[in-house]
Amino acid sequence: MSETAQKLLQESVGSTVLVKLRGGKELRGTLKSFDQHLNIVIKDAEEVSAEGSRKLGTVVIRGENVLLISPASG
Amino acid sequence: MSETAQKLLQESVGSTVLVKLRGGKELRGTLKSFDQHLNIVIKDAEEVSAEGSRKLGTVVIRGENVLLISPASG
Amino acid sequence: MSETAQKLLQESVGSTVLVKLRGGKELRGTLKSFDQHLNIVIKDAEEVSAEGSRKLGTVVIRGENVLLISPASG
Amino acid sequence: MSETAQKLLQESVGSTVLVKLRGGKELRGTLKSFDQHLNIVIKDAEEVSAEGSRKLGTVVIRGENVLLISPASG
Amino acid sequence: MSETAQKLLQESVGSTVLVKLRGGKELRGTLKSFDQHLNIVIKDAEEVSAEGSRKLGTVVIRGENVLLISPASG
Amino acid sequence: MSETAQKLLQESVGSTVLVKLRGGKELRGTLKSFDQHLNIVIKDAEEVSAEGSRKLGTVVIRGENVLLISPASG
Amino acid sequence: MSETAQKLLQESVGSTVLVKLRGGKELRGTLKSFDQHLNIVIKDAEEVSAEGSRKLGTVVIRGENVLLISPASG
Numbered sequence: 001m002s003e004t005a006q007k008l009l010q011e012s013v014g015s016t017v018l019v020k021l022r023g024g025k026e027l028r029g030t031l032k033s034f035d036q037h038l039n040i041v042i043k044d045a046e047e048v049s050a051e052g053s054r055k056l057g058t059v060v061i062r063g064e065n066v067l068l069i070s071p072a073s074g
Numbered sequence: 001m002s003e004t005a006q007k008l009l010q011e012s013v014g015s016t017v018l019v020k021l022r023g024g025k026e027l028r029g030t031l032k033s034f035d036q037h038l039n040i041v042i043k044d045a046e047e048v049s050a051e052g053s054r055k056l057g058t059v060v061i062r063g064e065n066v067l068l069i070s071p072a073s074g
Numbered sequence: 001m002s003e004t005a006q007k008l009l010q011e012s013v014g015s016t017v018l019v020k021l022r023g024g025k026e027l028r029g030t031l032k033s034f035d036q037h038l039n040i041v042i043k044d045a046e047e048v049s050a051e052g053s054r055k056l057g058t059v060v061i062r063g064e065n066v067l068l069i070s071p072a073s074g
Numbered sequence: 001m002s003e004t005a006q007k008l009l010q011e012s013v014g015s016t017v018l019v020k021l022r023g024g025k026e027l028r029g030t031l032k033s034f035d036q037h038l039n040i041v042i043k044d045a046e047e048v049s050a051e052g053s054r055k056l057g058t059v060v061i062r063g064e065n066v067l068l069i070s071p072a073s074g
Numbered sequence: 001m002s003e004t005a006q007k008l009l010q011e012s013v014g015s016t017v018l019v020k021l022r023g024g025k026e027l028r029g030t031l032k033s034f035d036q037h038l039n040i041v042i043k044d045a046e047e048v049s050a051e052g053s054r055k056l057g058t059v060v061i062r063g064e065n066v067l068l069i070s071p072a073s074g
Numbered sequence: 001m002s003e004t005a006q007k008l009l010q011e012s013v014g015s016t017v018l019v020k021l022r023g024g025k026e027l028r029g030t031l032k033s034f035d036q037h038l039n040i041v042i043k044d045a046e047e048v049s050a051e052g053s054r055k056l057g058t059v060v061i062r063g064e065n066v067l068l069i070s071p072a073s074g
Numbered sequence: 001m002s003e004t005a006q007k008l009l010q011e012s013v014g015s016t017v018l019v020k021l022r023g024g025k026e027l028r029g030t031l032k033s034f035d036q037h038l039n040i041v042i043k044d045a046e047e048v049s050a051e052g053s054r055k056l057g058t059v060v061i062r063g064e065n066v067l068l069i070s071p072a073s074g
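Protein chains in written order, with our numbering: chain A, 1 to 74; chain B, 1 to 74; chain C, 1 to 74; chain D, 1 to 74; chain E, 1 to 74; chain F, 1 to 74; chain G, 1 to 74.
The hints are simulated quantities; they were obtained by calculation from the structure and are not laboratory data. Do not take every clue at face value.
What the hints assert, rightly or not - Which residues of chain E face chain G? A partial, calculated answer using Cβ under 10 Å:
1. Glu11
2. Leu21
3. Arg22
4. Gly23
5. Lys25
6. Ser33
7. Asn39
8. Val41
9. Ala45
10. Val48
11. Leu56
12. Thr58
13. Val59
14. Arg62
15. Glu64
16. Asn65
Don't be surprised by glycine CBs; every beta carbon is placed ideally from N, CA and C.
Please put together the full structure from these sequences, using the hints given.
Here is the structure:
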């Protein structure tokens with residue numbers, strides 16, 4: 001990760017982020033932590049899809065399947 | 001894995017977790033163990049799908065195919 | 001693999017296991033051996049699908065394509 | 001990355017780029033940073049699809065899923 | 001590969017094997033050689049599909065795309 | 001890359017090449033540079049599809065997603 | 001690659017080979033060179049599909065996407 005990416009994610013800890021995964025899944029929640037492989041932990045996560053949203057609580061997401069992360073304040 | 005992710009999973013050993021796999025499969029069961037690659041062992045696992053659920057017993061899941069893990073208490 | 005996973009598989013050698021592969025294939029048979037990459041050998045294997053089952057005999061399965069392994073006694 | 005690729009991206013920082021991802025997603029925005037794995041940060045990003053565009057703000061994109069990057073001035 | 005897998009394949013050299021590849025392709029032929037990545041050479045290979053079979057002669061198969069190998073005598 | 005591949009690509013710098021990507025995308029343009037992972041830079045690139053072509057200008061293509069490269073003079 | 005595979009490909013340099021790629025593409029042409037990752041160069045290549053064939057000239061094929069190579073004389 002570039003320093004810019006790392007700084008952006010660091011500043012987003014505690015804030016809402018949108019995470020898109022390979023295969024089309026999309027989650028929204030509060031970023032709790034991340035590492036350099038983009039493994040991330042999200043609190044109060046909701047899976048968002050065309051059919052509505054579904055509450056998942058806290059989730060550990062495997063970095064390898066992350067397409068992109070977007071801070072809500074970005 | 002970040003320390004937060006590791007701690008979260010460590011606290012979930014013995015509790016119910018939801019595991020989503022690449023390709024759309026979804027399992028629910030009691031987390032028995034995990035390693036840093038997200039290889040996990042789940043007890044009393046059920047595969048959950050739109051067509052209902054199917055009991056699988058204990059399963060060893062290959063970490064590479066894990067999309068996310070969500071502790072039921074998360 | 002965690003020690004729990006290794007022990008579980010070790011105890012399943014000689015017993016029936018269910019193996020799910022990426023792409024949807026599912027096999028059932030007697031576990032003969034495995035290694036830490038989840039490369040496995042199964043005896044008296046049957047490929048199980050919605051259209052019925054097909055006997056394959058002994059098979060060597062490449063670990064990279066394994067989604068999960070479930071001991072029948074699990 | 002070849003020096004040519006690195007130089008091209010370096011010159012595009014601050015300018016609009018088009019990014020195509022595996023699975024068909026396409027984003028347009030201002031390149032903020034990149035590293036040698038093509039992990040990139042884009043500002044004022046929009047996801048562009050046949051159904052129209054959707055504003056995403058700042059996004060961190062995982063290099064592994066990048067198909068190509070095209071500077072708008074290219 | 002476990003020793004069991006290696007021994008099984010070693011004993012199958014010169015005999016007919018069934019090879020399943022990612023993406024659904026299936027080949028049958030005489031195993032000529034293999035290495036620890038499951039790269040294999042098959043003689044008198046036939047590609048078998050729902051539409052019938054097609055003779056391919058000798059083929060070199062990339063191990064990474066192998067799902068499983070089954071000795072006909074297994 | 002074999003020396004033959006490297007030499008062929010080296011001789012194609014400045015000439016038109018056809019690049020096929022995983023997932024079916026196809027681009028045509030002037031090869032500007034490449035490295036040993038087949039990361040490539042193409043000038044005056046056009047994406048060619050059944051629905052016609054679309055000008056992309058200069059593009060940086062991630063080698064991992066390249067299926068093949070064909071020099072127009074090949 | 002096993003020695004058998006290497007020898008087989010070495011003997012096929014200058015002869016016609018059939019190459020099958022992940023995703024279903026199929027090419028036929030004269031093998032010019034290969035390396036241990038199955039990166040290959042083919043001369044007078046034709047892409048063969050259900051809709052007919054298309055001349056591509058010389059092509060550099062990325063080994064990672066190769067399913068199998070079959071010498072025409074195999």
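Taking the hints in turn, this is what the structure says about them:
Using the Cβ-Cβ criterion of 10 Å, the hint placing E:Glu11 at the interface with chain G is not satisfied: the shortest such distance is roughly 16 Å. The restraint placing E:Leu21 at the interface with chain G holds, with a minimum CB-CB distance near 6 Å, inside the 10 Å limit. The interface hint given for E:Arg22 holds, since its Cβ lies 7 Å from the closest Cβ of chain G, which is under the 10 Å cut-off. Among the interface hints, the one on E:Gly23 holds; its C-beta lies about 6 Å from the nearest C-beta in chain G, closer than the 10 Å criterion.
Using the Cβ-Cβ criterion of 10 Å, the hint placing E:Lys25 at the interface with chain G is satisfied: the shortest such distance is roughly 7 Å. Here the hint on E:Ser33 is kept, as its CB sits about 4 Å from the closest CB of chain G, short of 10 Å. At about 5 Å, the closest approach between the beta carbon of E:Asn39 and any beta carbon in chain G falls short of 10 Å, and the interface hint on this residue holds. At about 5 Å, the closest approach between the beta carbon of E:Val41 and any beta carbon in chain G falls short of 10 Å, and the interface hint on this residue holds.
A hinted interface residue such as E:Ala45 counts as satisfied when its beta carbon comes closer than 10 Å to some beta carbon of chain G; here the least separation is about 7 Å, so the hint holds. For E:Val48, the suggested interface contact is broken, since its CB lies about 14 Å from the closest CB of chain G, more than 10 Å. Annotation: E:Leu56 was flagged as interfacial toward chain G, and the flag holds, the nearest CB pair being 5 Å apart, inside 10 Å. Interface restraint check for E:Thr58: the shortest CB-CB distance to chain G comes to about 3 Å, inside 10 Å, so the restraint holds.
At its closest, the beta carbon of E:Val59 sits 4 Å from a beta carbon of chain G; the interface hint therefore holds under the 10 Å criterion. Here the hint on E:Arg62 is kept, as its CB sits about 5 Å from the closest CB of chain G, short of 10 Å. With its C-beta approaching chain G no nearer than about 7 Å, E:Glu64 sits inside the 10 Å limit, and its interface hint holds. Below 10 Å, beta-carbon pairs count as interface contacts, and E:Asn65 has one with chain G at about 5 Å; its hint therefore holds.
In terms of the numbered hints stated before, the structure departs from hints 1 and 10, listed from lowest to highest.
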